[in-house]
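A.B. asks: Spelled out from the first residue to the last, the chains are:
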Amino acid sequence: NAGVMQNPRHLVRRRGQEARLRCSPMKGHSHVYWYRQLPEEGLKFMVYLQKENIIDESGMPKERFSAEFPKEGPSILRIQQVVRGDSAAYFCASSPLSSTDTQYFGPGTRLTVL
Amino acid sequence: KQEVTQIPAALSVPEGENLVLNCSFTDSAIYNLQWFRQDPGKGLTSLLLIQSSQREQTSGRLNASLDKSSGRSTLYIAASQPGDSATYLCAVRPYNTDKLIFGTGTRLQVFP
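First to last, the sequence lines map onto chains A and B. If you number the first sequence the way my numbering does, the last residue is 118 and the count never jumps. If you number the second sequence the way my numbering does, the last residue is 238 and the count never jumps.
Hints may contain errors.
[Stated by the list, open to error] Some chain A residues judged to face chain B by a derived CB distance under 8 Å, without partners named:
#: 1; residue: 37
#: 2; residue: 59
#: 3; residue: 110
What the hints contain is simulated information worked out from the structure, not anything from laboratory work. Positions of the beta carbon are idealized from the N, C-alpha and C atoms, including for glycine.
Construct the complete structure from the given sequences, taking the supplied hints into account.
C.D. replies: Below you can see the structure in the form of structure tokens.
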């Protein structure tokens with residue numbers, strides 16, 4: 005059973021471009037979480053999704069950021085018109101059920117905005 | 127608002143020592159607490175998960191305890207090895223939410 009997969013592992017964008025980060029959860033997992041780790045800071049929750057539904061997006065900036073988890077395919081975190089402050093490591097986690105289950109983390113995507 | 131603090135922020139010890147890493151949280155209304163390991167430039171590896179009804183969990187040389195009423199958890203590492211060098215993160219899952227709230231981590235270096 006492959007773990008949580010994220011791609012790309014490294015992404016470089018210029019200011020104003022769009023960044024698309026992909027996350028494939030572990031097989032059998034229908035809950036996906038996105039976290040962001042800014043340089044020298046801890047991980048911060050961004051958004052929690054189930055298939056085709058956003059459950060909690062309280063940690064996601066209101067502008068430029070969006071997330072989806074379609075019925076088929078990976079979850080996508082999309083950042084429009086990136087700025088230097090978006091440079092961070094973005095981690096995806098998945099779990100089979102919510103609340104009491106372990107969240108399994110992917111290797112992360114490191115976004116660098118030039 | 128739930129806040130998670132980890133002390134110390136960094137620790138450097140010789141191989142073989144027994145270590146205690148501390149985690150404190152401000153709101154005891156949690157489902158569980160989880161300890162992770164993060165290697166430089168890598169993702170997170172789950173080490174131990176303690177449900178709110180449990181007092182401790184053990185895996186190999188690792189033992190984690192939870193005192194929910196006082197808002198504290200400790201991760202005990204026995205007979206430390208250079209391969210234990212990493213950043214250790216604790217995270218709590220508050221009631222009525224599915225997100226994890228992370229501490230800022232303890233950066234551990236074990237030298238030969």
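A.B. asks: Of the numbered hints stated previously, which ones are contradicted by the structure, given in increasing order?
C.D. replies: none
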